[in-house]
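Number of protein chains: 2
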Amino acid sequence: MEDIVKESLLFDFYGNLLTEKMRRVTELYNEDNLSLAEIAEQEGISRAAVHDRLQKAQQKLEAYESKLGLVARFVENGRAAMRIAALTEEIGRERTDDPDLNGKLREIRELVAVISG
Amino acid sequence: MEDIVKESLLFDFYGNLLTEKMRRVTELYNEDNLSLAEIAEQEGISRAAVHDRLQKAQQKLEAYESKLGLVARFVENGRAAMRIAALTEEIGRERTDDPDLNGKLREIRELVAVISG
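If you read the protein sequences in the order shown, they are chains P and B.
For the first sequence, counting from 1, position 58 maps to 58 in the UniProt record's numbering; every step adds exactly one.
For the second sequence, counting from 1, position 40 maps to 40 in the UniProt record's numbering; every step adds exactly one.
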């Protein structure tokens with residue numbers, strides 16, 4: 001997985017467990033793509049302090065992942081969900097004349113999207 | 001949900017985030033069903049200290065749940081998974097003469113069990 005995707009997923013899953021300050025700088029840097037200098041100005045701290053806070057936040061997020069493994073699990077679930085979607089589509093494609101079946105398959109796909117999302 | 005089930009799920013999901021001491025007393029009490037007096041003796045601390053540690057552990061687990069909501073999500077996913085299993089069984093029951101279809105339905109059920117477990 002690309003680092004940037006992984007960092008973003010770590011933040012999605014565990015961001016709520018960071019302190020407010022850590023969460024804010026991480027959000028400004030990763031999601032809003034501000035530079036260290038811009039964040040430093042906005043937060044009224046040095047560029048080095050921003051860098052330090054980002055690094056600590058990243059370490060915390062990775063420590064949570066090593067204990068809970070939610071991101072790894074999310075990626076695995078995504079693969080399984082894609083396989084289920086493919087199977088329901090195969091079944092439906094061979095039986096387009098069966099609206100009851102296709103309705104049920106659609107419901108399955110919707111439920112799978114809820115579970116794996 | 002029954003309190004005892006909820007406590008057990010909270011521990012399953014977030015137990016790794018507790019300190020070693022907190023995790024141990026919680027495990028002895030909730031999973032091994034030891035009494036406070038038995039845990040006190042085993043750990044070499046007072047009964048009141050065991051009680052205190054259990055209460056703090058419980059509060060931590062609930063705080064994690066309020067931030068991450070994994071138990072609530074697990075319960076919801078379980079409902080969706082049961083509905084998917086029911087749908088695949090309905091589809092299969094009406095088409096027992098179609099082994100290819102039933103094989104695909106079985107694969108879907110297995111994948112859903114992985115995702116929702």
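Treat the hints with caution; some may be incorrect.
[What the hints assert, rightly or not] Here are the simulated DMTMM-like cross-link-like pairs (lysine to aspartate or glutamate), alpha carbons at most 20 angstroms apart as the crow flies:
(1) B:K67 x P:E107
(2) P:K104 x B:D32
(3) B:K60 x P:E65
(4) B:K104 x P:D98
(5) P:K104 x B:D100
[To be verified] Some chain B residues judged to face chain P by a derived CB distance under 7 angstroms, without partners named:
(6) Q42
(7) I84
(8) I91
Since the hints were made in silico from the structure, they are not lab data.
Please read these numbers as outputs of a predicted model, since none were measured by experiment.
Ideal Cβ positions, reconstructed from N, Cα and C, are used throughout, including at glycine.
Hint check, Q42 (chain B) versus chain P [nearest Cβ-Cβ separation less than 7 angstroms]: violated, 25 angstroms
With a cut-off of 20 angstroms on the C-alpha distance, tell me whether K67 (chain B) and E107 (chain P) pass. The given pair, whose Cα atoms are some 30 angstroms apart, is violated under the 20 angstroms limit.
Holds or violated: is the Cβ of I84 (chain B) closer than 7 angstroms to a Cβ in chain P? holds, 5 angstroms
Take a quick look at whether K60 (chain B) and E65 (chain P) sit within 20 angstroms of each other, Cα to Cα. holds, 18 angstroms
K104 (chain B) and D98 (chain P): Cα distance at most 20 angstroms? Satisfied, since the Cα-Cα distance of roughly 17 angstroms is no more than 20 angstroms.
A closest beta-carbon separation below 7 angstroms is what the hint needs, so does I91 (chain B) meet it against chain P? Cβ of I91 (chain B) sits 6 angstroms from chain P, so the hint holds.
Agreement of K104 (chain P) and D100 (chain B) with the hint, judged by alpha carbon distance not exceeding 20 angstroms: Between K104 (chain P) and D100 (chain B) the Cα gap is close to 17 angstroms, so the pair holds against 20 angstroms.
Is it true that the CA of K104 (chain P) sits at most 20 angstroms from the CA of D32 (chain B)? violated, 43 angstroms
Checked against the numbered hints given earlier, this structure breaks hints 1, 2, 6; the rest are met.
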